[in-house]
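Generate coordinates for the entire structure from the input sequences, incorporating the hints supplied.
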Amino acid sequence: MLLLVLINTIALSRVTAQYNLTPFGRATQSSILFDAGPENAVNPPISNVFNLNHCTHTLLGRTYAWWMFEFSFKLAYITDVIIYYKENLEIRMDGFKLYVTNTSTIPPDGYLCYEDPDPGLPNITQSIPCNKFGKFIIYYDDKGSQHYPNRYDGPVVELCYIAINDNIASEGIISQTPIGSQPASLANDGNTKSCSKTKGTTVTLQVDLQKESIVTGVHITFGESTTREGNHTLYASNTSTSWQSGTILYKETSLPSEINLYAVFRYLTYESPVEGLFSELEVCEIGIVGCPPSHYGLFCNQSCPENCNGPCDLDTGKSFQAGTYGKDCLATCSTHCLYPQCHGVTGECLVGCNDGWQGFDCSQRCHTGQFGRNCSMLCKGCVSKMCDPDNGLCDITTACNPGYINGKYCNTPCTDGLYGINCQQVCSPLCLLQPCDPRTGECIGGCVNGLQGFNCTEVSAIKEDIGSPVRMQVGLFAGGCLFGAVIATLVCCIIIKKRQERTKQGKK
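Using numbering that gives the first Met the number 0, read the sequence shown as starting at 0 and increasing by one per residue.
No false leads were slipped in.
Label pairs and their computed distance ranges (CB to CB):
#1 P22 to T104: 22 to 32 Å
#2 Q209 to N405: 28 to 38 Å
#3 F277 to G325: 42 to 52 Å
#4 F359 to S253: 35 to 45 Å
#5 N42 to G119: 22 to 32 Å
#6 E114 to R25: 21 to 31 Å
#7 N390 to F277: 31 to 41 Å
Hints listed in this document are in silico derivations from the structure and should not be mistaken for laboratory results.
All C-beta atoms in this analysis are idealised placements derived from N, C-alpha and C, irrespective of residue type, glycine included.
Written out as structure tokens, the structure is:
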């Protein structure tokens, strides 16, 4: 059993963001009555009110009728299709079929997204979920109807408005932590029967849209094993690492059905709740709807300028050339930015710095003793505590500080319970708390009762209770030693006496 989650988001700003893909393609239909051409269905108004200039209308008396939309780009992942049919003519909609296909073949040979069932007439306004990749959307009717007495009109298509919603996550890159038993890529492969799966103490799934985009909806299909109790949280951010500092889209103790929110971001991160010792996450499909990258505006129907290879402002369309910033794009982004495009105005490296670099625009080398991405790691295991700022290679590669191993990098701490040079020594079992100090072996958590010292091998000078297990052990040991000495002395005396008696008898 699958749990379906739909999070619809709307704008809270001066406009309402739309995620309709019909501005990006071409509509056709089987025939045209007067001015009721196929393009009428993809233009406002959004209404069931019929007008030859606002709705489509095919000719009467045909054996079949169809309306088709072809995307101008490659395959899209269609989440749902919204249909407004001509008012008061449900009978002409009766028995229609909706297809998502990769070809324009008629009759359609692709995925049957929906077929109007018998008995009864359909609603003239419908939202039909599809969740399928395709190049074409086809509304098809081969049933026909008899609207007027004694007159069979045959199949007719009269669409007043149609919207096709897309999943921009299909072009994204999905990752999960931990890696899990099933790969994260199964969460956006267009197949709800194949699911990503992971399990751990901290579980996340992240979608990288690869560019900042207007997002107006998130659609998730969870598998059975997903942990449901606890806080489910969705974050929107423009960095992959500091997503917890981003915008919280949703945080509740149960999975959401609908929230109202607007967001422009690059990364969507889902954080699973922890139930007991660990959390499980199984995602069979994730859909994100909104403006495709490099499109903007009220209906996402405006493209960033062609001479701008980079993104543009999603509200105004103001562009900046990839790898540049500032007035007229004359300044060049730092080559040390992790992501090539910096902030179009300030030059800030938005996603962080390459290994060995830090700062607002990633122009500063790591300080001594630091290395890695954004200089976030320390050379603690190196003998000199100095290393290469890019890869962490120690300045002195012949040895590591006590408490570390891993050859020339010295970046692997001792396993719990071991310490010293190359982690070859074992912590004292008399430490109250384990592990001991991985560098020195000191019992930093104290000693078991009655013992003291650096590694808890000395009897404590503090007076212990008579019943103390340690004192009893020490007393028993001392008593045993004394008793053994007495017995040994007696045995020796007996042996000596018997030898003396034998000597006397021999002389006689």
